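Work from the hints to combine the two standalone chains into their complex.
Protein sequence lines correspond, in order, to chains A and X.
So for the first sequence, the numbering used here puts the first residue at 1; every next one is plus one.
So for the second sequence, the numbering used here puts the first residue at 108; every next one is plus one.
It is worth saying that the hints were derived from the structure and are not from the lab.
Don't take every hint at face value.
To be clear about the criterion: a stretch of chain A counts as covered by chain X if any three or more of its residues have a C-beta under 8 Å from a C-beta of chain X, and this derived list gives those stretches [what the hints assert, rightly or not]:
#1 2 to 11
#2 20 to 30
#3 35 to 43
#4 63 to 70
Just so you know, these numbers come straight off a predicted model, no measurement behind them.
Positions of the beta carbon are idealized from the N, C-alpha and C atoms, including for glycine.
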Amino acid sequence: MISYDDIQSVFSTSTFAQHFGLSRDHAREFSDRACELLDAGAFDEAAVMFQGLVVMNHKDPGNWVSLGIAYAEAGRQAEARGALQTALKLRPGHAIAEKYLARISVR
Amino acid sequence: MPTPISNSHSSTNFGVVSEARENARDQRVAASQARAANGQTQSLQDQSTVVNGGSKAQQPPAPGPSADAQSAAGSGSEGYATPPQDPVKKALEELKQDPEYTKLLSQIAFFEGIERGFHAIDAQFGGAFWSGLRDGKIDIGNIEAAARDSSSSGHEVAKKLLQSPELLSKLDRNSDGLYTKEELQAVLDELKSAKATMEKDARAAASPPAAPQAGGSTSAPPTGGEQTPPVTTAPTPGTEARNGEESEYQFKTADLEIRPFRSSATGTGELLADSMGHVQSEIERLTNLKAKALAAGKPEDAAKIDVQINKMNMCLQMVMSAMQQQQTMLSNIAKMWSDMAMTAIRNTH
Numbered sequence: 001m002i003s004y005d006d007i008q009s010v011f012s013t014s015t016f017a018q019h020f021g022l023s024r025d026h027a028r029e030f031s032d033r034a035c036e037l038l039d040a041g042a043f044d045e046a047a048v049m050f051q052g053l054v055v056m057n058h059k060d061p062g063n064w065v066s067l068g069i070a071y072a073e074a075g076r077q078a079e080a081r082g083a084l085q086t087a088l089k090l091r092p093g094h095a096i097a098e099k100y101l102a103r104i105s106v107r
Numbered sequence: 108m109p110t111p112i113s114n115s116h117s118s119t120n121f122g123v124v125s126e127a128r129e130n131a132r133d134q135r136v137a138a139s140q141a142r143a144a145n146g147q148t149q150s151l152q153d154q155s156t157v158v159n160g161g162s163k164a165q166q167p168p169a170p171g172p173s174a175d176a177q178s179a180a181g182s183g184s185e186g187y188a189t190p191p192q193d194p195v196k197k198a199l200e201e202l203k204q205d206p207e208y209t210k211l212l213s214q215i216a217f218f219e220g221i222e223r224g225f226h227a228i229d230a231q232f233g234g235a236f237w238s239g240l241r242d243g244k245i246d247i248g249n250i251e252a253a254a255r256d257s258s259s260s261g262h263e264v265a266k267k268l269l270q271s272p273e274l275l276s277k278l279d280r281n282s283d284g285l286y287t288k289e290e291l292q293a294v295l296d297e298l299k300s301a302k303a304t305m306e307k308d309a310r311a312a313a314s315p316p317a318a319p320q321a322g323g324s325t326s327a328p329p330t331g332g333e334q335t336p337p338v339t340t341a342p343t344p345g346t347e348a349r350n351g352e353e354s355e356y357q358f359k360t361a362d363l364e365i366r367p368f369r370s371s372a373t374g375t376g377e378l379l380a381d382s383m384g385h386v387q388s389e390i391e392r393l394t395n396l397k398a399k400a401l402a403a404g405k406p407e408d409a410a411k412i413d414v415q416i417n418k419m420n421m422c423l424q425m426v427m428s429a430m431q432q433q434q435t436m437l438s439n440i441a442k443m444w445s446d447m448a449m450t451a452i453r454n455t456h
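Bound-form chain X, shown alone (with noise of 0.2 Å):
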């Protein structure tokens, strides 16, 4: 469920709900008086109030419009571009498929879950414990037997820890006596050198191959992973007929399709303006295509032709209209600030 707006957070939002916030008095004073003036209708979150009966102190108010547009828009689960993902990320991630690899999680997390028992045991008897262990490898056997004996210098040790049978369990290496703190450590130390060799090997199988040395040569094709496809476009029947004015004039139902395009850019903002400027292309593209058709005495290409530009024209012009709107709010949020400011150092002379 996505935030409602008066929730937002971000500095960015901020600015916006302000902005929106004073836009919406503004525009709500004009409706109030406008609908005074010529007796129009309720809006239509009005209406729905009063055909529920509700009132806000029996229920809660229905989502509203904004509430209901936003839970709807981007909720498809089709059309959208899948971000590329990083080769090495995904291996890694295809690494916590491995029972080899996973075995090995579960193995430092158990003898970690050790050792922080070790630590709290040990906090706890002023490193009376740890030397214990290092000096005679204390076992089961021992520890009962130190509990037993009062005048036994580990008698407190061993009765605190036989309170703690989980503990032990888990510190008991059958009969071969307890671990010391420097074999615990040894054990952890070769699962986590295991766990990044599985790791690094994964790395190194993601990542494309160095680039040739000088003097040397490499032909392999980089293997593995999802690579992005050039920023250059595919050429088409079409290209090459823009490319040369002397090439004879063919026409095909493909060179209306828009050519693939994939920009590097990453942010909304610079991916739609790249769009922009692609789609701007195309419709040159079959401006002249449309030109040739014309020229070859072909007048059912060029109307087929131009009903494709008058279609990628509309598209171009929506999606460029909703950046400019997007401006807008950005730039009168700044405005705002710049305003604000003024107002301080005005109000501070």
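Chain A on its own, in the form it takes in the complex (with noise of 0.2 Å):
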């Protein structure tokens, strides 16, 4: 898996999205369609357009949480932790970051 740090050495201070000019519009477009494919429960296709979503805005973690929670429906536990650990570690305290990193714990 990808992770935060080399996504940032690639595009230096800013973002995928902001060297290309994505804004959160185009980036929520992205995200309607993978969230269809999550609630399809096709969840490893959905953790792929997360993997590109996270690429496009590493800094959002709202990007990371969403594809811990793809990761995590696809059994992909340890992938999914780390994705979810990197929301937390942008914004500590996230609330549905903290909520399944709690269930895979359970498991």
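Right, dumping it as structure tokens:
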């Protein structure tokens, strides 16, 4: 799994989205599609789209949370933990990240 | 709060959701069979329901993974590009902060309110009110006198008007009498004209100067507003090295950074396609730089460049895969509609 630092080293102080002019609305359009896959139970496919989303803006903790949820639902626990922990580093106390991390720990 | 998927109304989403539901049903059946065969545990969502002891009859269901992901994704406050704002639109927005402009707006709103009141009264009295004003600039004293005099032609109108002191107070120009329809219109026209002039001036100040005419010239750069960066990329030492095979090998840490780029596209798909093209060209640039480093006997530089190439490749692959996934979804929807159309055609024959 690609890490926050890997992405950071490519885009230096900015993000892919800032570099290429992608707005929050563009990202939303993409994440909506990924959520539809998640809703349909296509967890691995949703994870592929959320991976793209974290590359687009690795500074958005919400993108890491969504990726973590997709991984968790796909049964990819280690990757889920990594993504959710990245989200918590970016925004300590992120409620949804904590909720899913707790669920992973229960399993 | 984002709209839940199930409530989505766009035609595209309708198709996606239908397709998604179909997939979901198939997958749930498959998952259920797999659990039965392998004795696997329930999904995280199911587990949560059991842990919480919740039932649909007793409490609302907890938000599912899709709802959680949807509320989380793209919720960050930084890291996204701000769409370039139209300089004229921006100037007009700024104008709304100008006290003189806001005063004009409020005056226009006030007199338009009076005009609406006039129309309402006039409609109620079949035009008698307007004509009364036009003929003699009726003032409040006249209205009160007419209301007392049952033989006056304006008696009924005056009585009705006195029942609306709020409107009368708005129409009264102190002791000068009331505004006639024409006077009121003139006041409004004057205010609207002043507003239009201020807007025109703001537009002119924000617009770039006109292109030079044949035989003429202009050297003034565009002023005001944000300018969209050009699509072309800025040269860096790395670019220069790539452009001339004979140039000496030089390496700086800054060469590892992806070069600036801004696409003129606005759609998400086009923007991402342009972005992918740029990342690919950056990987090529670094690959050339790596070859030069090796040729110049600098394996340590080549190793650093190689690490960066790998990271760029990972980013590229992840965004490309995401795009392909989205494309697959759209293709599936198109196929589903096509199949439905074919079935319908077959059924009619």
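Each hint, compared with the structure:
1. 2 to 11: Held - the segment 2 to 11 of chain A has 6 residues with a Cβ nearer than 8 Å to chain X, which meets the minimum of three.
2. 20 to 30: holds (count 11)
3. 35 to 43: holds (count 8)
4. 63 to 70: holds (count 5)
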